[in-house]
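When you get a sec, could you build the whole thing from the sequences and use the hints?
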Amino acid sequence: MKRFAWQWVVISSLVTGVVAGTAAAGAETRPQYGGTLRVAMHAAPASLDPADRTQADSFARRNLTFLIFETLVTADAGGRLHPGLAGSWQASSGPTPENQRWQFQLRRKVKFHDGTALTAEVVAAALRVANPGWKIMPESDSVVIELEQSDPELPAELALPRNAIVKRTADGKLSGTGPFRISDWQPGKKLVLAAAEDYWKGRPYLDAIEIEMGRSFHDQLMALELGRTDLVEVAAEQSHRVTMEGRPVAASEPVELIALLFAHDAQTPAEKSLRSALALSVDRGSIRSVLLQGAGQPAGSILPDWMTGYGFVFSADADLMRARHEREEVKIAPAWTIGYDPGDSISHLLAERIALNARDAGLTLQPTSAATADLRVTRIPLVASDPWIALGEVAAAAGLVRPATDGRSVEELYAAEQTMLTTQRMIPLFHLPAAYAAGASLRDWKASADGGWDLADVWLGPGNGMQ
Amino acid sequence: MRAAVYNSIIPKVILNTVKRSSRPVFCLRVALCFFLLLPGLVMCSLAADWSVPEQQLARKIVAVTGPGAVALTVENRSSLSKRESEIVSDGLHSVLETLGLRFVKPEQAVATVAISLSENPNAYVWVAEIRQGDGKVSIEMVSTPHVDGVVSAHDSLPLSIRKIPVWAQEEQILDLLVLEENTTPTHIAVLGAEDVSLYRSQGGKWQREQALAVAHARPWPRDLRGRLIPGKDHLLDAYLPGLICHSTNGTPLALNCQESDDPWPLVAGSAGGGVSANFPGVVASTLPAIPQVGSFFASARNFFTGALAPGVGKFATVPKFYSAAFLPRGKYVLWLFAAVDGQIHMVDGVSDQPARLNWGSDVVSLRTACGAGWQVLATSSGGPGSDSMRAYEFPDRDAVPVSQALDVGARVTALWTEAKGDTAIAVTRSGETGSYEAFRMAVGCNQ
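Residue numbers (the numbering used here), protein chains in the order written: chain H, 1 to 467; chain R, 1 to 447.
Think of the hints as simulated: they come from the structure by calculation, not from any bench.
You may find that some hints are simply not true.
Claimed, not checked - With a straight-line Cα cutoff of 25 Å, these simulated DSS-like cross-link-like pairs (lysine-lysine) come out:
1) H/Lys446 to H/Lys201
2) H/Lys201 to R/Lys320
3) R/Lys136 to H/Lys272
4) H/Lys111 to H/Lys201
5) R/Lys314 to R/Lys331
To be verified - Estimated spans, in silico, between C-beta atoms of each pair:
6) R/Pro158 to H/Ser286: 54 to 60 Å
7) H/Arg402 to R/Glu209: 45 to 51 Å
8) H/Ser448 to R/Ser351: 55 to 61 Å
9) H/Glu98 to R/Glu75: 35 to 41 Å
10) R/Ser351 to H/Lys189: 52 to 58 Å
11) H/Lys190 to R/Arg329: 42 to 48 Å
Just so you know, even glycine gets a beta-carbon here, dropped at the ideal spot from N, CA and C.
Written out as structure tokens, the structure reads:
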């Protein structure tokens, strides 16, 4: 047997050359443990408490919540429910009406990050904070929830981040059962998370995650270019440019609704005609091309088409003739103020562009950054992937009556959405995706359809993207 | 109380076709079965029954229009194939006609009906927009759950890799052990994260005989791995990180698990006694005996620590690795370790030569009747969400591909040589559905 060092050198060179040329590019390896993931985000939440209703719903908040905390039930991107901290659940059909009394059997051997066990008492206490109106009772290793009314959507409701199970201590500290525990928290600035070694679903591959908050989209991209961060958000309107610059962008399905939201219901037939005129005057196609740089989808529906399958039925096309006709039904049209968030440049541009469109139909809209306005350009994140829950959340954000959830069919969902639109309280404009850009070292990363992260499953490899 | 909202999915079983008694016959049968069954499988997948939603939507449409002349269009906005959407379109036309509609040009119609075949994450949604003469627009819709598709694969060149479905289920599969087989497996054990399930095929139907719980105190690591090995004097052993389970000998069967850092066997089969015991077709005198090398598995991770027992020549340890394969040579055995750093370490007992072969992290050795007789099956990334597999030979010490890369259509989560050494069990996880499938991977001779 001949075994000389020089032979090995020649052979390994040949092997590398020959095989690398023939094998599939970008060979995959099993996930590797270790490393710190650096993330930047635009949002700057002042609290990590999922039940803190003073904090606006956002994808960033949801994603942060699910790194640290977990819910009894989880929903995948398609809205399908799966066991979370509850291994099973059932609704009673005894003396109480159907779907009014629910029992959730807790998973065993789950521990909070402080080392204490997940118990029915702690779960009940956490849910009471988030839902003061519910009657919640711990029963052995299960939790019973009794509602005032029947609600078949309760399991889906419990999958929402605000219903995450949090253990709150007297000194205000929060403890969760999720894949990462809080290591350092500087509200609104920085969050450092460490892997939960005893996480019941298996320790995450990453050792730690450092999240910088309150960073502009521009700063985030710069940090990514300079290799100072591994995962950043990309504003939807910048996705095209970033992609053209050679940086792959991972986008979710459209999960954010941009809509015009009126401050109050239409009071008179004249007001209804004027709102119809406004809805028909908005040239969403041009706005999408120019302001949004091709991102997102023009929307005539509240829920995006991918979520329901019928969204296309609601027309998003401008019809200036009909808009003028509707406008002419009313003798004198008042001038409306259209509000926008001064910290959101797209919102400002949209308000100005819509005012121009409206003028073509004979309407007068005055953009304003003031807190009060007749109508506002509003962003509503669809943080629930269950369409019924998502519709209910939009209704709550718009000040509308939540749709009844007795039915589950797509026809009933369509009817509920149509009822909400008939109020003319809101005019849907666009559905936008959540978009992210990642460094080459981040592996097994993908933006899920609902814009969620799953950072427990990502891992860090060599920076050049090749093994 | 009524039934729980969440119910675990009932496992679905797929056929298996490998005869192990004669290699030429085996190759022929596999090839025949593959080519005969494939069109059947594809046809089965295409033959979805759309009649119920077709009739539902047709009735709703006619309830609005009444019988008469309509202009009908059908547009596919969903993931349905062109062929499938044509089938649906034809079906809708047929049912509507039965219900009294006549199809005419728009200018002759009393109503226009635009049907869109759409979908959401859970179901196909078919929407009919009906415009009647008075300008009134009605919307009618029905939905029907998605149906699963079938993925097929093909191969060519000196050798070919064949992927034979054995088992599929929603829950994680770590390994699968064929306990008995005739022309097809008739008795199998499936290692999951929480149990070993035994299934027996009777009259063409698989039935779960028993589920043996895998008792473990600590949470499993992410990317959980495990292996089933046939026992010498009992049915099987299960190796999981930090845990080894032995089945009992009596009936009913039980599984005794205990925390253990004992090494996992790296050589297929448990009969021991060198290569001839593991690979009956090999003439033992021409090859060195293969020691039953094992390696310690990191109890909280997804890799072998690199400590070998016994060692390979002078090497008692090698770098941390995910998987190993071996190739018997005239006077020594060449070991290949797929290391955690992405390199393949070739260890012959005297030297350890790392090479960056662009392979994935799972390798196995197969002893076959094809080519040089020994092949290494290695995974590689076939693209986003999908891995591929390819067979290699080592005429000297350079890896020569001897098959086309087979795109397995999903991520390979496990790859272990079967006890007899001529096939391997591969487990894949679908990126779309998250479900697991176990395949028997066989290398076939093309020439």
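Quick rundown of the hints versus the structure:
Simply put, H/Lys446 and H/Lys201 have alpha-carbon atoms about 20 Å apart, close enough for the 25 Å limit, and the pair holds. A threshold of 25 Å between alpha carbons decides the hint, and for H/Lys201 with R/Lys320 the separation of about 24 Å falls inside it, so the pair holds. With a CA separation close to 20 Å, the supplied pair R/Lys136 and H/Lys272 stays within the 25 Å bound. With a C-alpha separation of about 11 Å, the suggested pairing of H/Lys111 with H/Lys201 holds against the 25 Å cut-off.
Straight-line distance between C-alpha atoms of R/Lys314 and R/Lys331 comes to about 15 Å, which keeps the hinted pair within the 25 Å bound. At roughly 58 Å, the beta carbons of R/Pro158 and H/Ser286 sit within the given window of 54 to 60 Å. Remark: the range hint 45 to 51 Å for H/Arg402 to R/Glu209 is upheld by a beta-carbon distance near 50 Å. For H/Ser448 and R/Ser351, the Cβ-Cβ distance of about 46 Å falls outside the hinted range of 55 to 61 Å, so the restraint is violated.
Distance hint check: the CB atoms of H/Glu98 and R/Glu75 are about 39 Å apart, consistent with the given range 35 to 41 Å. Taken as a hint, the range 52 to 58 Å holds for the pair R/Ser351 and H/Lys189, whose Cβ atoms sit roughly 53 Å apart. For H/Lys190 paired with R/Arg329, a C-beta distance near 57 Å fails the hint of 42 to 48 Å.
The structure does not agree with the numbered hints 8, 11 stated previously, though it agrees with the rest.
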